[in-house]
Amino acid sequence: MARLREWLDRTTETWSPPTARDLRGPFRFLAWLARSQARRIASGAVLGICWMVGLAIPPWVLSRVVDDGLVARDLAVVAGWTGVLLAVSVLNALLAIARHRTMTKVRMDASFRSVRTTVWHTSRLGASLPRRVSAGEVVTVGITDVQIVAQALTVTGPGVGAVVAYAVVAVLLFNISPLAAVILAGVPLLAIAVGPLLRRIERTGGLYRLHQGRLTTRLVDVLGGLRVLNGLGGKTFVAERYELQSQGLVDRGYRVAGPSSWVGALSGGLPALFLAAVVWLSARLAAAGEITIGDVVAVYGYVAVLVVPVAFFIEGGGDIARARVAARRIIDLLKLPVAQDGDRHPALLPPGCGPLLDPTSGVTVRPGLFTVLVAARSAETLAVIERLGGLCSDPDARVTWAGVRITGAAREELRSRMVVADHDAEVFAGSVREVVAGRLDPDESRLRAALHAAVADDVVEALPGGLDAEIAADGSDLSGGQRQRIRLARALYATPDVLLAVDPTSAVDAKTEATMIDRLRDARRTRTTVVTTTSPLVLDRADEVIVLVDGRTSSVGTHAELLRSDPAYRELVSRAQDGDEDQGSADE
1 MARLREWLDR TTETWSPPTA RDLRGPFRFL AWLARSQARR IASGAVLGIC WMVGLAIPPW
61 VLSRVVDDGL VARDLAVVAG WTGVLLAVSV LNALLAIARH RTMTKVRMDA SFRSVRTTVW
121 HTSRLGASLP RRVSAGEVVT VGITDVQIVA QALTVTGPGV GAVVAYAVVA VLLFNISPLA
181 AVILAGVPLL AIAVGPLLRR IERTGGLYRL HQGRLTTRLV DVLGGLRVLN GLGGKTFVAE
241 RYELQSQGLV DRGYRVAGPS SWVGALSGGL PALFLAAVVW LSARLAAAGE ITIGDVVAVY
301 GYVAVLVVPV AFFIEGGGDI ARARVAARRI IDLLKLPVAQ DGDRHPALLP PGCGPLLDPT
361 SGVTVRPGLF TVLVAARSAE TLAVIERLGG LCSDPDARVT WAGVRITGAA REELRSRMVV
421 ADHDAEVFAG SVREVVAGRL DPDESRLRAA LHAAVADDVV EALPGGLDAE IAADGSDLSG
481 GQRQRIRLAR ALYATPDVLL AVDPTSAVDA KTEATMIDRL RDARRTRTTV VTTTSPLVLD
541 RADEVIVLVD GRTSSVGTHA ELLRSDPAYR ELVSRAQDGD EDQGSADE
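Quick note on numbering: the sequence shown equals residues 1 to 588 in the UniProt record's numbering.
Calculated from the structure, these hints are not laboratory results.
These numbers were taken from a predicted model, which means no experiment stands behind them.
The beta carbon of each residue, even a glycine, is placed where N, CA and C say it ideally should be.
One or more hints might be untrue.
Claimed, not checked - Cβ-Cβ distance ranges computed for the label pairs, FRET-style:
(1) 254 with 336: 24 to 34 Å
(2) 328 with 83: 49 to 59 Å
(3) 367 with 554: 20 to 30 Å
(4) 94 with 466: 16 to 26 Å
(5) 440 with 254: 44 to 54 Å
(6) 35 with 555: 21 to 31 Å
(7) 254 with 80: 49 to 59 Å
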């Protein structure tokens with residue numbers, strides 16, 4: 001594990017994202033991965049050449065044993081050449097180990113760089129990612145495609161070695177007899193035989209990969225809604241449908257496996273046929289006295305050695321065909337445009353906490369206030385939060401912070417000074433201390449202050465271990481209200497200048513909700529806080545309420561003022577209050 005961590009650290013230090021030129025096609029992406037570790041690939045190519053050329057030495061040594069030792073009945077010569085053969089074999093074994101280790105590092109490096117690149121880009125896409133690509137596609141890219149692409153890079157070592165070894169063996173065979181032409185003619189025949197299969201692998205592999213991503217998306221959705229399906233009694237229906245679709249994917253897999261299996265069979269079978277043909281020809285030449293018995297042994301060994309590079313040619317061709325499909329899917333993900341990226345020429349955000357202005361909705365958030373956005377449809381307030389938080393992919397969004405457009409600000413500065421607290425935000429596995437601190441260093445006093453402000457003290461106290469207690473992935477071992485308070489504590493711990501919270505009290509009872517809002521106001525007294533809700537308890541404690549109708553600002557004021565002056569607001573609050581009472585009666 002220590003070595004793996006060290007390897008990851010070195011890879012991270014040398015990592016840089018691919019440019020637009022590197023994403024123009026699958027081969028350019030593979031070339032970027034190769035350039036990123038050029039020295040290691042060059043080392044693998046040298047080791048591959050030495051190893052494969054070294055495989056041609058034992059047949060020559062054996063021919064010397066036969067002609068100079070056994071035919072001449074000279075045991076001293078036999079012993080001498082046997083020692084040479086032993087040394088060559090040991091050296092080849094060491095070269096094989098070094099080559100394999102190097103190509104394993106190449107494969108791991110390419111895999112880590114591909115994963116790092118996809119994670120980097122998906123994090124830049126932010127909240128717009130689920131609307132632009134399915135979860136199953138991201139999972140398949142991050143697990144399957146990066147492995148296929150990484151495997152293709154191992155061709156750089158054995159592939160170069162195969163070319164050189166083929167040339168060396170051809171020269172050696174020509175020195176013995178013109179029968180080398182049989183072997184040289186065999187390789188083009190192999191290319192003719194395998195070429196259509198490789199094209200079919202690429203074509204059927206692309207369709208298979210597309211349906212694999214869709215089925216993975218369905219699986220992610222099913223697992224995410226398993227509790228709901230159990231409650232509705234629809235688990236059996238969904239399972240049968242998934243089984244039917246997965247069987248269709250299996251059928252498509254057979255179509256990919258067919259040409260792939262033929263490539264594997266031809267990589268071993270066709271070279272064996274050439275081996276048999278050359279041995280038969282060389283035996284006839286030896287019987288006619290045109291070549292020696294040692295030459296027959298050497299020819300057999302050379303041709304047997306030639307099976308290795310030819311097999312690498314065919315296997316590498318299959319790897320590259322599959323990698324083209326996988327790399328194209330990775331590129332499609334990496335080409336998703338980042339809606340807001342001001343990192344090239346970032347503008348400095350002014351000091352302070354606003355004001356924030358959203359021209360699309362007409363919302364103006366004044367600095368230092370506890371502001372509540374309310375609308376009959378939650379989608380309207382969520383859209384405003386996404387624009388204010390810089391998470392919207394709408395190119396017409398022109399949100400400003402004290403006159404400076406947030407799209408032109410450095411992303412790191414924006415994310416450190418503004419936090420969007422979604423009630424569905426991910427809760428990662430780890431201790432309470434790690435979950436609440438997030439990307440920041442944990443500080444005991446700040447942690448407890450954030451937990452207190454979010455009314456999450458009792459959550460921590462109920463867990464064995466307190467702050468060191470482990471929370472499961474997605475907070476699955478917590479109730480909905482507990483998860484909501486832990487999320488709010490995490491947002492408060494970051495102490496941003498601007499906090500945008502989506503329904504932060506929707507999963508708690510009225511008493512807890514009132515305490516949360518009071519403590520939230522106290523903790524954020526000098527900073528800007530925006531909350532979306534229709535809860536009268538929260539609205540009554542707001543410094544300012546902004547009412548949205550059809551996505552536009554309809555009225556602004558305090559809760560009491562709006563109840564007197566805005567009939568639509570009064571009706572909205574009345575409906576929300578009736579809904580809360582009905583829910584309370586149902587709970588009782």
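Evaluated hints:
1. In this structure the supplied range 24 to 34 Å holds for residue 254 paired with residue 336, their Cβ-Cβ distance being about 32 Å.
2. The given range of 49 to 59 Å is respected by residue 328 and residue 83, whose C-beta atoms sit roughly 53 Å from each other.
3. Hint check: residue 367 to residue 554, Cβ distance near 22 Å, so the stated range 20 to 30 Å holds.
4. Here the CB-CB span from residue 94 to residue 466 is close to 55 Å, at odds with the stated 16 to 26 Å.
5. At about 51 Å, the CB distance of residue 440 to residue 254 agrees with the hint of 44 to 54 Å.
6. One distance hint, 21 to 31 Å for the beta-carbon pair residue 35 and residue 555, is violated here, with the actual separation near 59 Å.
7. Judged by the Cβ atoms, the range 49 to 59 Å given for residue 254 and residue 80 holds: they are separated by roughly 56 Å.
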